[in-house]
Amino acid sequence: MARFTLIRLASLVGILLGLSVVVFLLQAVVPADPVRAMVGASARPEIVEAKRHELGLDRPLPVQYVQFLSRAVRGDLQMSLHTRRPVRTDIAAFLPATVELAATALAMAVVLGGALGLVTARGGGASLRVTLVASASVPAFLLALLLLIVFYARLRWFPGSGRISPELGAPTGPTGLLTVDGLLAGRLDVVRDALAHLALPALCLALGPAVAVGRTLRSSLQTVLGSDHIRTARAKGLTERGVLLRHGVRPALNAPLTMTGLQVGMLLAGVVVIESIFAWPGLGLYTARAITTVDFPAIVGVTLVMGAAYVIINALVDLAQVAADPRLRAG
Amino acid sequence: MSRRLLQLVTMVLAAVLLAAACSSTPPAQQGGEGGTLRLAYLADMAQADPDVFYDIEGNTVILSVYEGLLKYKPDSTEFAPSLAESWEVSPDGLTYTFKLRSGVKFQDGTPFDAQAVKTSFQRRLDVGAAPAYMLEPVASMQTPDASTFVIRLKHPVAPFLHYMASSWGPKVISPKALADHAGKDHAQTWLNEHAVGTGPFQLTAFERGQRYELTKFADYWGQKAHLDKVEIRIIPDIGTQRLQLQSGDLDAILHSFPQAELEAAKGNPDLQVLDFSSFLNNILYLNTNKKPLSDPALRKTLASAINRDTLVTEVYGTYAKPSSSTYPSGLLDPTLAPVSYPPSETTAPANTGKLTFAYTADDSGVHRRIAELIQQRLDAAGFSVAINEVQLPQVFEYVNDLQAAPDLVMQTNTPDGAHPDMWARIEWYSTGGLNYLGYKNPQADKALDQALETTDKATADRLYGEAGKILAQDTAIIFIADPRDVMVLRKNLTGIQHVPNYPWALNLAALQKG
Chain U
1 MARFTLIRLA SLVGILLGLS VVVFLLQAVV PADPVRAMVG ASARPEIVEA
51 KRHELGLDRP LPVQYVQFLS RAVRGDLQMS LHTRRPVRTD IAAFLPATVE
101 LAATALAMAV VLGGALGLVT ARGGGASLRV TLVASASVPA FLLALLLLIV
151 FYARLRWFPG SGRISPELGA PTGPTGLLTV DGLLAGRLDV VRDALAHLAL
201 PALCLALGPA VAVGRTLRSS LQTVLGSDHI RTARAKGLTE RGVLLRHGVR
251 PALNAPLTMT GLQVGMLLAG VVVIESIFAW PGLGLYTARA ITTVDFPAIV
301 GVTLVMGAAY VIINALVDLA QVAADPRLRA G
Chain E
332 MSRRLLQLVT MVLAAVLLAA ACSSTPPAQQ GGEGGTLRLA YLADMAQADP
382 DVFYDIEGNT VILSVYEGLL KYKPDSTEFA PSLAESWEVS PDGLTYTFKL
432 RSGVKFQDGT PFDAQAVKTS FQRRLDVGAA PAYMLEPVAS MQTPDASTFV
482 IRLKHPVAPF LHYMASSWGP KVISPKALAD HAGKDHAQTW LNEHAVGTGP
532 FQLTAFERGQ RYELTKFADY WGQKAHLDKV EIRIIPDIGT QRLQLQSGDL
582 DAILHSFPQA ELEAAKGNPD LQVLDFSSFL NNILYLNTNK KPLSDPALRK
632 TLASAINRDT LVTEVYGTYA KPSSSTYPSG LLDPTLAPVS YPPSETTAPA
682 NTGKLTFAYT ADDSGVHRRI AELIQQRLDA AGFSVAINEV QLPQVFEYVN
732 DLQAAPDLVM QTNTPDGAHP DMWARIEWYS TGGLNYLGYK NPQADKALDQ
782 ALETTDKATA DRLYGEAGKI LAQDTAIIFI ADPRDVMVLR KNLTGIQHVP
832 NYPWALNLAA LQKG
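Residue numbers (my numbering), protein chains in the order written: chain U, 1 to 331; chain E, 332 to 845.
Derived from the structure by calculation, the hints contain no laboratory data.
One thing to keep in mind: the hints can contain errors.
Claimed, not checked - Stretch-level coverage of chain E by chain U, calculated; a stretch enters the list once three of its residues show a Cβ under 8 Å from a Cβ in chain U: (1) 405 to 415; (2) 468 to 475; (3) 534 to 548; (4) 554 to 565; (5) 575 to 585; (6) 715 to 724.
Cβ coordinates follow ideal geometry from the N, Cα and C atoms, glycine included.
Whole structure, please, built from the sequences with the hints as guidance.
Structure, rendered in structure tokens:
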């Protein structure tokens, strides 16, 4: 276990270094003058240059990179050009919204994908399969608009944007996750309102991964259901349901778990579009703004956080695989 | 088995949806009789500090919370008193004496006086961000008594009073707040997300990336706001904004409503589509510094090939007019610097090569449409054009390497104030901030510099006209359209006041919700 953690930590550091290099190289090849855009058109050239110097952007790129690294290891991710606040402060403010959305979407994806896999492994569940596959094949932004038109504008079942109705006066801590903070504060109205705001964006994010997980589980289950121990289980007189749930699922989890880990990447990529459409005040929305203002410190910061999240989640998936399949422990 | 599982999943999903749906009844109207106005911004306004803020999105907040010495009358370029009741300019154009309003309080209770004005103006200079240029010609500031503020300039500056009325002009901030939160950066960190002015609304919430809340200031010196609160949410997708407006969760969309949807909005009995005169100007910059558009004759051929007048009608319908001058309509008599681009049959020489055309993204879809139509028309006239959507910081980089910059750049701009200098100086003065493709003509610069220091308006206007004519002759910028400031509001909103020089903004204090 200690070895596993060490290897994962080393790979995390390596990946983050690699990501930061890539973003810094991008900065060199993208022709843009974010400082000029930041200070405004009427600023005298001296003001622009003074700002450039203050931000350290007038130094050679390798020097900037070394400075960035030395500050980053102390947790200082520079100042955002757009918000003029430390990127660390911005990320701390925007991250909880994305964590809550992504976690809800992931949970939805696992439930829906699990259901799809289990139902279709025996050849049934045609309607569920068709519905999920059809929804997942619609581009995310279009699906988001369709859901908004139907469930917000027409049916008025769900709110159209944001995380919470402002007039509720939602608690502001300690986790930043409104559903959790609402529960901790005993504010069921906040939990309900936060869930209502979560439902549509999380569903949009969940459908693609759900289908991927479901199909992998299905094919994995079909392989397992043909194996000797299943035949033995059937011979013992177990019902088909008992065979599937008690003896079929656990050995079939390996591939779908790997797929879940991979889909987290898709999900994190999807938050930029989904958060913009649903005005979800998370890292995706922050990133979208950082890209349009060519706010490289912010882009680097978000890239590192997203990269770390991806690596950590995949490490957790590895652990879950080991728990599900004892054969992996030997290796 | 599968049916049971399907039932289970359906039940779980239904339970989540139901639990959520239970709380999704629209929020009740908050506040007192005036009600709450709900607006949306497409992007975060970045900062609320009036000495740093230099964007258009966010005008409504700044103009509602802070006040300057002057403002513009609705639908006009004439000055109206604001914190100054009256003002005098010395014949040499160097001394400005402002008689200040008495009985004014800041939103933190601090009384307003001449010293507060001086402190705020000095702070703008000390902060030294882009809007500081408006006070850089100031030689001295004096406060002979509590209600008199005197500014002495280093040299005459024709648009100086327009600086005072500009939405980005110097605003007066509570000196107590400035002292209490001074820190090491003239209170910039604090004022980034807080505000204490004298305006009709207080900034009572600034939740970055989410929402801002304005609350009626009960002790406002002037006509108090009708609304109790204004709730501004950040909704970055114009499609979502439109749905919310139609559903009654937003009361107005103040800009970037999709041009193609305006007719449908007009047919909606719950909505009103309003358009106001503005100084917005859609313009096409030509790269005169590199081949092939370094050839003036080719630039003229290109200008004619666009067939601009039909293009403007096709894209904007009735919401813009083809520009008649190098200045936005209303800034200067258009006959002093006229432009026209009569279509002609002349085509580009065969060896012209491919032109690159960059345009900035806009949510209304107008820029993309214009770019595509220009591409089609130029292609038909023998040019070959590649179009590319870019972000503003990329555009600002072009001037650093004009040989690598595109041949054509299109954008919609607006001047800081209703004065020709505030347009020409940023657009085509050789060091102008929006002179993206580095156009230079010493004669035009000279005319503009002479005009700036000329106190006689007729002479100054003639000089501005001269600078505009030089640019028009050089065909370095093609002036495409003077668009209207288009807003879509719920029908129940009344008391609508708009100032041409305050784009994307309404006077929130005058608005009423029926």
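Going through the hints against the structure:
Chain U is given as covering the segment 405 to 415 of chain E, and this is violated because 0 residues of the stretch bring a CB closer than 8 Å to a CB of that chain, at least three being needed. Counting residues of the segment 468 to 475 of chain E whose beta carbon lies closer than 8 Å to any beta carbon of chain U gives 0, which falls short of the minimum of three for the stated coverage. A stretch counts as covered by a chain when three or more of its residues have a beta carbon under 8 Å from one of that chain; for the segment 534 to 548 of chain E and chain U the count is 7, and the coverage holds. Given as covered by chain U, the segment 554 to 565 of chain E passes the check, having 3 residues with a CB less than 8 Å from a CB of that chain where 3 are the minimum.
Given a C-beta distance limit of less than 8 Å, the hint that chain U covers the segment 575 to 585 of chain E holds, as 4 residues qualify and 3 suffice. With 3 residues carrying a beta carbon less than 8 Å from a beta carbon of chain U, the segment 715 to 724 of chain E meets the three-residue requirement, and the given coverage holds.
In summary, the structure is inconsistent with hints 1, 2 from the numbered list given earlier, while agreeing with the others.
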